[in-house]
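Build the full structure now, drawing on both the sequences and the hints.
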Amino acid sequence: MKDIFKKFAYPLCFILGIVFSFLISPVFNFLGILVWGVEIQSAESFPMGHTAKIRTRPGLGDQTIYFEVDRKLIWQSGDAAPGDLNEKIIWDKIGRYVTFEIGENIYDKKSVFVYDLESETLVREQ
51 MKDIFKKFAY
61 PLCFILGIVF
71 SFLISPVFNF
81 LGILVWGVEI
91 QSAESFPMGH
101 TAKIRTRPGL
111 GDQTIYFEVD
121 RKLIWQSGDA
131 APGDLNEKII
141 WDKIGRYVTF
151 EIGENIYDKK
161 SVFVYDLESE
171 TLVREQ
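Its first residue numbered 51, the sequence shown is counted upward by one per residue in the numbering used here.
Just so you know, these hints were derived from the structure itself, not from any lab. Don't take every hint at face value.
As the list claims (entries may be wrong) - With a straight-line cut-off of 27 Å between C-alpha atoms, the simulated DSS-like cross-links for lysine-lysine are:
(1) 122 with 103
(2) 138 with 159
(3) 159 with 103
(4) 160 with 143
(5) 159 with 122
(6) 138 with 160
(7) 122 with 143
(8) 103 with 143
(9) 122 with 138
(10) 103 with 160
(11) 138 with 103
(12) 56 with 103
Nothing here was measured: the structure is a model prediction, and the numbers come from that model.
Quick look at the structure:
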């Protein structure tokens with residue numbers, strides 16, 4: 051009896067573990083989107099190796115936009131309209147300045163942010 055239990059219990063537990071993993075992974079993906087958001091765009095500067103990212107986190111009928119450079123939060127929107135806001139990241143040729151553009155849907159005008167990596171300041175905001 052004990053041998054039969056060992057013969058079937060271990061493979062059965064293994065198969066149940068795989069099935070459970072496949073069933074629970076969509077739940078973790080959904081919670082990850084709500085907690086950490088979705089990356090819209092990322093770009094690295096060359097030759098400096100800095101990374102800029104635009105992320106969004108959906109809410110109840112709106113979204114919040116985050117602009118990060120080297121994992122440091124530079125700018126965060128308030129409640130923005132859902133959908134595509136024509137976000138863009140543009141690096142200069144030497145990798146010192148990164149420009150973040152966001153379309154006209156968020157504040158009824160186009161917004162441009164330029165971040166200086168050496169002084170770690172937001173240079174211009176339109």
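Status of each hint after checking the structure:
About 10 Å separates the Cα atoms of residue 122 and residue 103, which keeps this hinted pair within 27 Å; it holds. Pair hint residue 138 plus residue 159 holds up; C-alpha atoms about 15 Å apart against a cutoff of 27 Å. Our distance criterion of 27 Å between C-alpha atoms is met by residue 159 and residue 103, whose separation comes to about 22 Å. Proposed proximity of residue 160 and residue 143 is supported: the alpha carbons are some 23 Å apart, at most 27 Å.
For the proposed pair residue 159 and residue 122, the alpha carbon gap of about 26 Å is at most 27 Å, so the pair holds. Between residue 138 and residue 160 the alpha-carbon distance is near 11 Å, which keeps this suggested pair within the 27 Å criterion. For the proposed pair residue 122 and residue 143, the alpha carbon gap of about 22 Å is at most 27 Å, so the pair holds. With a CA separation close to 18 Å, the supplied pair residue 103 and residue 143 stays within the 27 Å bound.
Taken as a hint, the residue 122 and residue 138 pair is honoured in the structure, with Cα atoms around 18 Å apart against an allowance of 27 Å. For the given pair, residue 103 sits about 19 Å from residue 160 by alpha-carbon distance, which is consistent with the 27 Å threshold. In summary, the hint linking residue 138 to residue 103 is supported, as the alpha carbons are separated by about 10 Å, within the 27 Å threshold. Of the pairs offered as hints, the one joining residue 56 and residue 103 is violated, with about 51 Å between alpha carbons and a cut-off of 27 Å exceeded.
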